[in-house]
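Participant: Spelled out, the chains give:
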Amino acid sequence: MGNPMKIRAAVKDGVTEVKILMQHEMETGLRKEADGTLVPAWFITEVKAQYQGRTVLETQFGQSVSKNPYLLFRFKGGAAGEKITVSWVDNKGDTRSDEVSIAG
Amino acid sequence: MNAKLIIGLAVSAALASISLSAQAGNTAGGLDAKTAEIVKRDFRDKGIAKATRVNQDELQAMCSKYVDKLPAKIKTRLEAEQTDAIKWPADGKYMGDWKAGEKLAQSGRGMTWSDKAEEPAGGNCYNCHQLSSKEIAFGTIGPSLLNFGKIRGNTEANQRYTYSRIYNAKAVNACANMPRFGHMGILSEAQIKDLVALLLDPESPVNK
Amino acid sequence: MNTSNVKKLIPLLVLATSCAATAAENEISDSDRIAQYREMISDGNPADFDEMRGEELWKTVAGPKQATLEKCDLGKGAGVVKGVYTELPRYFKDTGKVQDLESRLLTCMTTLQGIPEEEITAKPFASDKKASDISSLATYVVGQSKGIKMAVSTKHPQAKEAYEIGKRIFNYRAGPYDFACSTCHATSNVRIRMQDLPNLNVRKDAQTAYASWPAYRVSQGLTRSFQWRLNDCFRQQRFPEPKFASEATVALTMFLAVSANGGEYAGPGLKR
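Protein chains in written order, with our numbering: chain A, 1 to 104; chain B, 1 to 208; chain C, 1 to 272.
A portion of the hints provided could be inaccurate.
Derived DSSO-like pairs: lysine-lysine, alpha-carbon spacing no greater than 30 Å straight-line [to be verified]:
hint	chain 1	residue 1	chain 2	residue 2
1	C	K271	B	K46
2	C	K130	A	K6
3	B	K40	C	K243
4	C	K97	C	K76
5	B	K69	B	K99
6	C	K130	B	K50
7	A	K19	C	K82
8	C	K97	B	K40
9	C	K129	B	K50
10	C	K130	B	K116
Covered stretches of chain B, as calculated for chain C (at least 3 residues, CB under 8 Å) [what the hints assert, rightly or not]:
hint	stretch
11	39-48
12	127-139
13	178-192
Honestly, the hints are just simulated from the structure, not real lab data.
Ideal Cβ placement from N, Cα and C applies to all residues, glycine included.
The shape of chain A in the complex, shown without the other chains (with noise of 0.2 Å):
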């Protein structure tokens, strides 16, 4: 199982602004090593989010995303105290979720 995230959701006017930053090396599967060995790919492929179990984000990464990826996102709706979890994959199958209440 990966890193925790570190998500932060607010409502505001109707409108609920999701922060995600995730823990992960991104690692472009193009870096070589000081000894010229190349450095395997191995990067989040998927991220998604979902609001009182219905889906808000679904979005595909690939190698260009840096370490440590900062998402923000923003949708229609929400009110304070519901939850919104937020999960990703990488290529070597492995996954992370993530659970926060909406500050109001």
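Let chain A serve as the given structure and place chains B and C on it in line with the hints.
Facilitator: For chains B and C alone, coordinates are given in the frame of chain A:
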């Protein structure tokens, strides 16, 4: 020993010798000596950067002590000494290849503990100076050298002067920020000539 | 509200951002743009993870003595972390020395937890391959001083002396390039290549610079400690390596911290 004598000692220690300064306690001279002691103890070899690099020559010690504002007498003496130590090219020629000079000017490598001994040092020129109009990533610690040759002219006297400034900038200004590229063995005679050409050759992008 | 609405919203936002950037192109300098970028990602600073790691380490039993660091006295009493960084370095009675955060953590780890000093100083900095405990601990502690003004005291004679020695180290020219810290950091409004340099003899510059370390370096993907920052300066000065938590580094830190007095501490920071 009376108080006046101690103060007298402290002042002379601050001006000339740091060997007496241990007696001077927390005076400027005492702190200078203590600083030198601490620095010598607290730095260690790493890669090609040996601990002995913290040992100062007189110029470094004086510029440190006076924070780059030397008393006129010391400044004049040090500059004369640095000038006398310049090793001029045996063939009497100062100009090399500006293209090689441009490559050298671009490189900021050399002599750090993460550099390898066998890799030659770069000129580090663009770190501090504007040179070619084509290069926009230039530093501003040193003056702009854009059109250096166009403004000053490619005369032999100016070639010699330019060679000396790169070989040892401290010959003109004892506490200049610029390294002494020839004096300290950072760049070879041939490399310095390439840099002179970069600055003065009418075909060089510095003058275009 | 449905999924497709959200998906439409994202490209729209991206478009809006790029238009704004084009319109303002001629008025915004590169430095301003970097500041904008920092602002944009400031609440997504991956240094947070190092802070979390440090907090965990602080509260976890470790070493031959099987103790946590919760009794560590960083200057405001055993276990207090809130605001301590803004008063470091300081003189500590128990060791009889002026210590900065990292050297004090070293004292706590050796005395409270019984971890051999060589074990800690062998791994003072984080690398690609491995995190460094003492570095993460420092990140945690500094995070507890966010928003508090720097107030480092030189009242104790030894603290005053450390400051004076630190100032001299700042101006100490040596090595094949004759460089001192002051070669790059004692003039205002200059840069090396494209990198703006703070003039650390000017209070405002010193405050901003000091307040932003330790910092997450995006280009390295690592949170870097204050002593790492000093080390990398010495590397570029073509100096040998300063010993970790040595008197020389504490003195220099003292000089820089005092120069930053009055400024609000804002770290851990985020850098290119």
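Participant: Does each hint fit the structure? Answer for all of them.
Facilitator: Right, here's what the structure says about each hint:
1. C:K271 x B:K46: holds, 26 Å
2. C:K130 x A:K6: Since the Cα atoms of C:K130 and A:K6 sit roughly 21 Å apart, the hinted pair holds (cutoff 30 Å).
3. B:K40 x C:K243: holds, 11 Å
4. C:K97 x C:K76: holds, 16 Å
5. B:K69 x B:K99: violated, 37 Å
6. C:K130 x B:K50: holds, 27 Å
7. A:K19 x C:K82: Holds: A:K19 and C:K82 sit about 26 Å apart, inside 30 Å.
8. C:K97 x B:K40: holds, 19 Å
9. C:K129 x B:K50: holds, 26 Å
10. C:K130 x B:K116: Measuring from Cα to Cα gives roughly 24 Å; hence the hint holds.
11. 39-48: The restraint on the stretch 39-48 of chain B holds, since 7 of its residues have a Cβ under 8 Å from chain C and three suffice.
12. 127-139: holds (count 5)
13. 178-192: holds (count 5)
Consistency with the previously given hints fails for number 5 only.
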